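Peer 1: One-letter residues, chain by chain:
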Amino acid sequence: MTAIQPILNKYPDNGRENLIPILQDIQNESGYLSKDSIVEVGRFLDIPISKIFGVATFYNQFRFEPFGKYHIQVCRGTACHVLGSATVLQELEKNLKIKAGQSTRDGLFSIEVVACIGACGLAPVISINGEFHAKVTAVSMKQIIDDLKKEEEA
Amino acid sequence: MDFTININNKALEAKQGETILDVLTRNGIRVPTLCHIKDAFPTGACRMCVVEDEKSGKLLTSCSYPVEADMSIQTHSKRVVESRKTIIELLLSNHPDDCLYCVRNKNCELQDLSEEHHVRERRIRGKKNTEPLDLSSASIVRDPEKCILCGRCVHACEEVMGVACIDFIHRGNKSIIGTAFNQGLNTSSCVNCGQCIMVCPTGALTEKNHFAQIQEALNNPAKRVVVQYAPSISVSMAEELGMEAGTDINGILNAALRKIGFDHVFDSSFSADLTIMEESAELIDRVNNNGVLPMITSCCPGWVKFAEEFYPDFLPNLSSCKSPQQMMGAIIKSHFAAEENLKPEEIFSVSIMPCTAKKFEAQREEMTQEGISDVDAVLTTRELTKFLKLYGIDMFNIRPELTDSPLGFRSTAGKIFGASGGVMEAAIRTAYYKITGKELVEFQIPAVRGFIGRKETTINIDGLEVGVAVVNGLANTRKLLEEIRNGKNDIHFIEVMACPGGCIGGGGQHIGSSDEQLKARMKKLYQIDATESIKVSHKNPEIIGLYENFLGEPLGHKSHKLLHTHYHARKVML
Ligand code: SF4
Ligand code: SF4
Ligand code: FES
Ligand code: FES
Chain A
0 MTAIQPILNK YPDNGRENLI PILQDIQNES GYLSKDSIVE VGRFLDIPIS KIFGVATFYN
60 QFRFEPFGKY HIQVCRGTAC HVLGSATVLQ ELEKNLKIKA GQSTRDGLFS IEVVACIGAC
120 GLAPVISING EFHAKVTAVS MKQIIDDLKK EEEA
Chain B
0 MDFTININNK ALEAKQGETI LDVLTRNGIR VPTLCHIKDA FPTGACRMCV VEDEKSGKLL
60 TSCSYPVEAD MSIQTHSKRV VESRKTIIEL LLSNHPDDCL YCVRNKNCEL QDLSEEHHVR
120 ERRIRGKKNT EPLDLSSASI VRDPEKCILC GRCVHACEEV MGVACIDFIH RGNKSIIGTA
180 FNQGLNTSSC VNCGQCIMVC PTGALTEKNH FAQIQEALNN PAKRVVVQYA PSISVSMAEE
240 LGMEAGTDIN GILNAALRKI GFDHVFDSSF SADLTIMEES AELIDRVNNN GVLPMITSCC
300 PGWVKFAEEF YPDFLPNLSS CKSPQQMMGA IIKSHFAAEE NLKPEEIFSV SIMPCTAKKF
360 EAQREEMTQE GISDVDAVLT TRELTKFLKL YGIDMFNIRP ELTDSPLGFR STAGKIFGAS
420 GGVMEAAIRT AYYKITGKEL VEFQIPAVRG FIGRKETTIN IDGLEVGVAV VNGLANTRKL
480 LEEIRNGKND IHFIEVMACP GGCIGGGGQH IGSSDEQLKA RMKKLYQIDA TESIKVSHKN
540 PEIIGLYENF LGEPLGHKSH KLLHTHYHAR KVML
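Chains as they are written, first to last, in numbering that gives the first Met the number 0: chain A, 0 to 153; chain B, 0 to 573.
By construction, these hints were calculated from the structure, which means they are not laboratory data.
As the structure is a computational prediction, the values presented were derived from the model and not from experiment.
Be aware that a few hints might be false.
Just some of the chain B residues that point at chain A, by a computed CB distance under 10 Å [to be verified]:
| no. | residue |
| --- | --- |
| 1 | 163 |
| 2 | 168 |
| 3 | 177 |
| 4 | 483 |
For glycine and all other residues, C-beta sits at the position ideal for the given N, C-alpha and C.
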């Protein structure tokens, strides 16, 4: 039995309208939609994978790579935006050489853009594995990443 | 129910359920369209086709909006024309300014639209698209920067071909057309048919070009450069050359190819005859020895890859015969090479095909002998025109010549390979003779001819009832195979061509031909068949000679080594 079979079992009528709920279940379970899981869903619902990928990329909620060991959520809510979260995100993407929604090749870092995470007083704010970092700037962002990298090398 | 609607202050008849565009087209009023596809459910996505509804003052997309009694429409009011022009300017704003370097220069709908709407200045400046070229496929090049998201390729790939390896991905201004996981086309289920190229309005989809290799070979005195051209080529080039559709340019094509510098000019219709000799023998062998039936033709490389990916359980049904292109290639680098005292590597073998998938086929592992490809480079019909221009050949002032001999003479059975149903008809003619020892009284088999996507009939060969099916368009093929999987068992022999109408509608043909022009090509092929005298492959004297001097018997040892192969299930993400 494959990893997502228990999820598919919940949809015995394998109708195409179940596509989004199934994808959501898989993402909740494993954090992202792997190629294998998309292929399997395609076979189950009889939909070409190009279509599934098309639908899935239409919604921002789906990821196609596993989270990194350090999953960095960058808040792009209004308060954070006003205080420069765009620059923070840009710097972070440049530094890690990945885009939001992706993970670094070594699997250490992943970036996700999120709407207001309810800590506007600390704006601009990022959260790494659930831990908030307040009033980040491009410079402090770089420091945080460097520290994490060092920790890993040690 | 019929009623009238008012268009440009004139009452015109309309039928309930029609779109405004239907009425306009019928009355010769031209409104530009981009995303509209004949016989497909309209999406109204591009808004190129807008017209003004005088009552509501709204702009309606004519391709999707149904007619209503007493509506009053303006097709070229100031608002309409301005709105269309703005859409074009928006499309241009992120489009690369590459026309001079673009394969589709002077045959591009985006150029035509901007020309027609007098776009003469850059009013809207946007960020240019930046998406990498996809050069991964052996046949198709995708340039997403030139894509204007009309969605016509997606439709062709899914609805006509039943492949669906490309779709819209992402959304909003990040929207692009791509494969699953946005990977290279070569890792997708793409069968290289090129039908997406045929419908692409711009240069976003083109064929992988082999000009450089061919020119290098032509300029290399140590290389013997030979060329073969497919059965459909001589009747499909007219539109490219500005001649009347369906004109057969056979003789002048031979002369033109020699002028370019090809040392030998061969006709793939000859190797189509050869395919028929082997394939009919294989069919009889399967019938007599309890072989796997139905036997399915395998001369279409788009179909072969489709079977490898989607229907591997049918691979034992595929004829083991190589395609005419590859049979010719194999004979050239073996028998012909020996006769000419050449090593295979001293020959550069070019083929001119109506087909992009032939480029893929030519580089397949199965199509080599000791690591040397049987066919080195493939030109599509479109590319051939460009090649003729490059070498300054005037196709209107040239004396017809014959092909080289041997490997140049054909029966008309080999020639009709170019149309859907042709392989079937040619094979039946020879199988009938081999089984009964007599020729058919009536060579024509009308039931397998024509553009219909699926044709079925039974043929009586000396009391033996042979059920045959001819399908073109892989979506139609899919349906037939599903029926067979579900127990349909009255068919013994199937011809499959990936492209609609067969090779005359191939993905390497002229872009923008009408249905009438395609019909003219088919008509010409059958006219050739009706007027010439050698109508069966087994009476082609050069075929008889080749078996006497070299091959021995159909399905014999040499045939087995050179002309047959086997295919294997191909793992791609579906
Ligand atoms: S696709 Fe058309 S408009 Fe775009 S560069 Fe090519 S010729 Fe020019
Ligand atoms: S070549 Fe054929 S199969 Fe490949 S993307 Fe184009 S239409 Fe689809
Ligand atoms: S806007 Fe960033 S936490 Fe609210
Ligand atoms: S052609 Fe009518 S909306 Fe695109």
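Peer 1: So, for every hint listed, does it hold in this structure?
Peer 2: Hint by hint, here is what the structure shows:
Interface restraint check: residue 163 (chain B) against chain A, minimum CB-CB distance 4 Å, threshold 10 Å, status holds. Checking residue 168 (chain B) against chain A by beta carbon gives a least distance of about 5 Å; that is within 10 Å, so the hint holds. Annotation: interface hint on residue 177 (chain B) holds; nearest CB of chain A at approximately 8 Å, less than 10 Å. The beta carbon of residue 483 (chain B) comes no nearer than 18 Å to any beta carbon in chain A, farther than 10 Å, and the hint placing it at the interface is violated.
Hint 4 alone, counting from the list given before, is not met by this structure.
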